[in-house]
Amino acid sequence: GNSVTQMEGPVTLSEEAFLTINCTYTATGYPSLFWYVQYPGEGLQLLLKATKADDKGSNKGFEATYRKETTSFHLEKGSVQVSDSAVYFCALSDRRSSGDKLTFGTGTRLAVRP
Amino acid sequence: EPEVTQTPSHQVTQMGQEVILRCVPISNHLYFYWYRQILGQKVEFLVSFYNNEISEKSEIFDDQFSVERPDGSNFTLKIRSTKLEDSAMYFCASSESRGGPNNEQFFGPGTRLTVL
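Each protein sequence line maps, in turn, to chains U and Y.
Here our numbering is used: the first residue of the first sequence is 6, the next is one more, and so on.
Here our numbering is used: the first residue of the second sequence is 4, the next is one more, and so on.
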């Protein structure tokens, strides 16, 4: 079946530091890949997505590249801000093998210090 | 900006009681979902719903669970006889379409269910 593995948190960084949150996946078909973010007290929000190999998703300074050869979709940001403190979820959907449902990783909590 | 809303934000219930979790999806969306996250674990798919019927469900979604869209705006999840292990954060989501550029699932803020 499909699965997503992401790095354990919490990740604590100082403002303006470089961020990487690792995500790898297992899928039987050709999945779309997503990063969702959850700010305190709010729902999951789509941060970025990529639908095929070598696609790069980007939003709000965050980027992730769909790497089929390494089955990875690592999230990066060059310079984090305090307002980026949140929980980040990597997810996939694979319509051919598992319909519309999203398969999530466990989430990685990011704390950014001023 | 349109958003998915959920009520209540926190529900405490006794084991064996019935609970109904409510969601109001985005108004022009046609596809609806429930997910849950047990504390410290992954967000897990429960069920998807379209055209007034279940499209897909997970093995978690047994006959203790049901979903309904009673009035064209609300989308509810009912747990008939709650168990301790049902304690979790329950997220509702909706999307405009399946596949294509408008298939993003928009999530509500969640209902935290605590079963005592």
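The hints are simulated quantities; they were obtained by calculation from the structure and are not laboratory data.
Note that the coordinates shown come from a computational prediction; the quantities given were computed from them, not determined experimentally.
Glycine residues also receive a C-beta, built at the ideal position from the N, C-alpha and C atoms.
Treat the hints with care, since some could be wrong.
If the Cβ cut is set under 10 Å, some of the chain U residues that face chain Y in the computed set are [to be verified]:
(1) T33
(2) F39
(3) Y41
(4) G46
(5) E47
(6) G48
(7) L49
(8) Q50
(9) K54
(10) G83
(11) S90
(12) F94
(13) L107
(14) G110
How the hints compare with the structure:
no., hint, verdict
1, T33, "violated, 16 Å"
2, F39, "holds, 9 Å"
3, Y41, "holds, 8 Å"
4, G46, "holds, 7 Å"
5, E47, "holds, 5 Å"
6, G48, "holds, 4 Å"
7, L49, "holds, 4 Å"
8, Q50, "holds, 7 Å"
9, K54, "holds, 8 Å"
10, G83, "violated, 25 Å"
11, S90, "violated, 17 Å"
12, F94, "holds, 6 Å"
13, L107, "holds, 6 Å"
14, G110, "holds, 7 Å"
Comparing the model with each earlier hint shows violations of hints 1, 10, 11; every other hint is respected.
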